[in-house]
Amino acid sequence: MKHNPTSEFTSYDFAAFMQRIKATEAQPTVDLFGQPLVKGTRKDTAREIVSRAARGERTIVNFVNAHCVNTLHKDAGYRRALAASDRVLPNGSGVSLAARMAGVELGENLNGTDLFPHICEFAEYSGQAIFLLGGDHGVADGAAAWAARTFPRIDIAGTWHGYFDADQENALIERINRSGASILFVGFGVPLQEKWIAKNRHRIDVPVILGVGGLFDYYSGRIPRAPKAVRAIGCEWAWRLAMEPRRLANRYIVGNAVFVAHAALHALECRGALEKASAAIKRALDVAIAAMALVVLAPIFLAVALAIRLEDRGPVFFRQTRIGERGRNFSMIKFRSMYTDAEARRAALLARSERDGTCFKMKNDPRITRVGRFIRRTSIDELPQLINVLTGEMSLVGPRPALPSEVVTYAGRSWRRLGGKPGITCIWQVSGRAEIPFKRQVAMDCAYLRRRGLLTDLSLLLRTVPAVATGRGAY
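As numbered in our numbering, residues 62 to 536 make up the sequence shown, in order.
Some hints here could point you the wrong way.
[As the list claims (entries may be wrong)] Here are the computed lysine-lysine pairs in the DSS-like style, where the Cα-Cα straight-line distance is at most 27 Å:
{"id": "1", "residue 1": "Lys104", "residue 2": "Lys289"}
{"id": "2", "residue 1": "Lys289", "residue 2": "Lys135"}
{"id": "3", "residue 1": "Lys395", "residue 2": "Lys500"}
{"id": "4", "residue 1": "Lys135", "residue 2": "Lys256"}
{"id": "5", "residue 1": "Lys343", "residue 2": "Lys395"}
Rather than coming from a laboratory, the hints here were simulated on the basis of the structure.
Assemble the whole structure, with the sequences as input and the hints as a guide.
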C-alpha cells in the first residue's frame with residue numbers, strides 16, 4: 062500500500078511540531094446507537110491519538126462498524142468493554158448510512174485501515190513508538206515491515222502474534238510494558254480485542270491502546286484491499302465477501318440485513334417516530350382498559366359510595382390538586398377515605414409522619430374512616446382515577462401524581478418524575494408501596510421513565526394484581 066506524506070511534514074520545526082501535537086484538543090462527538098462517535102477527519106483524528114500518546118494520556122480507542130452494532134445488541138460483555146472506551150470511531154459505510162437515516166452528521170469514515178498510515182506518520186515525526194499485537198504468526202511482523210519501509214524513522218517497539226494462552230499473557234504484557242511503546246495496536250477482532258483491552262488496561266503501561274481488528278492482514282499483504290473505486294462507493298464489504306466468502310457470508314449477508322433493521326429502528330427513535338407510536342398505543346390501551354374497567358366495576362363503585370355516605374354523610378369522592386406531566390395541575394379523583402376535616406388536621410400531624418423527607422405518611426392515621434381503612438388496604442379508593450385516565454390527565458401506569466406541597470420541596474433528580482404522565486400504578490406501587498422510602502421511589506420512577514414501553518406497562522399491570530391482593534405497604 063502506498064501513502065502520500067502529509068504536507069505539513071515536508072519541512073517542519075520539530076519543537077514547534079511537538080508543541081502543536083501536545084496542544085491538540087479532542088474532536089467533537091455525535092451520538093449514534095448510544096455511542097459517542099468522533100466527528101472529524103482522519104488526519105485530525107490521527108493527530109489527536111498521537112497527541113494523547115505524547116502527553117502520556119491513558120486512552121482506549123475502539124471502532125464501531127455494522128458488525129459491532131449487531132454484536133452490541135447480543136453481547137453484554139462487549140457492551141461493557143466498549144463503554145470503557147475513551148474514544149469511539151465510526152467505521153464503514155454501514156455506520157454512515159445509519160447516521161444519514163437518523164439525521165446525524167458524521168465526519169469522515171475513520172476506519173482503522175485508512176487511519177493507520179496517518180497515525181504512523183504522526184508517530185514517526187513525534188518520536189512515539191508503536192507495538193503491534195495480533196493476527197496469525199508473522200502477520201504483525203509483516204505490517205510492521207510495511208510501516209518501517211513507508212516511514213523509515215518510525216520506532217517499532219515490538220510485535221507479537223495473537224495466538225497466546227493464559228499462561229503466556231503475563232509475560233506478553235510485561236514484554237509490552239518493557240518495550241517503551243506509547244501506542245499499542247491490538248488486532249484480535251471484535252469482540253475479543255475490546256474485552257481483552259478492558260480486562261487488562263490496568264496492567265498495561267502504554268498510554269494509548271487501539272482495537273484495530275484485521276488491520277494487520279492488509280498491511281502485511283496477506284489480504285488485498287479493495288480498489289479505491291470500490292471503496293469510494295462504500296462497497297469494500299462486498300470485496301471482502303468476494304475474497305473470503307465462506308468466512309464472511311454470515312457476517313455480511315445475514316449481518317447486513319440485521320444491521321439495517323437496527324439502523325431503521327434507531328432512526329425512528331432518533332426522529333421521535335417510535336416515541337410517538339408508543340404514546341399512541343399506550344393512550345389507546347389506557348382508554349380501552351379504563352372504559353371496560355368502569356363498566357365491570359360499576360357494582361363496586363355503587364357499594365363503596367353507599368358505605369361512605371352511610372358512615373358520616375360526607376361526599377363520596379375526594380378531589381385533590383395534583384401535579385401531572387411537565388408540571389401541569391389537574392384534579393385527581395379518589396373515593397374519600399378520610400374524615401371531611403382531614404386537611405385541617407394534617408398540619409398538627411406532620412411531626413408524626415412515618416416517612417422521611419418529602420411525603421407525609423402515617424400507618425395509623427387518625428383521620429382515616431373505618432370504610433377508608435378497608436378501601437385503602439384493598440386500593441379500591443384509587444379506582445375513580447380511571448376517570449382521570451379517560452380524560453387523559455393520567456395513565457394506567459406511570460409515576461404516582463405528587464401534591465403541590467411535595468413538588469415545591471423537590472431537589473436534584475426528583476424533578477424527573479414529572480417527565481411522564483402520572484399513573485394509577487407504578488413500579489414502587491407493586492414493590493412495597495408506602496414501605497419504599499421517597500428517594501428510592503424517585504429512583505424507581507426515573508428508571509421506569511427511561512425504559513418505559515408497552516411490555517413494561519403490561520408487566521406492571523399484571524404485577525399490580527398480587528400487590529393489591531396482599532395489601533403490602535397499603536395504608
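Here is how each hint holds up against the structure:
| no. | hint | in the structure |
| --- | --- | --- |
| 1 | Lys104 x Lys289 | holds (18 Å) |
| 2 | Lys289 x Lys135 | violated (33 Å) |
| 3 | Lys395 x Lys500 | holds (25 Å) |
| 4 | Lys135 x Lys256 | holds (14 Å) |
| 5 | Lys343 x Lys395 | holds (23 Å) |
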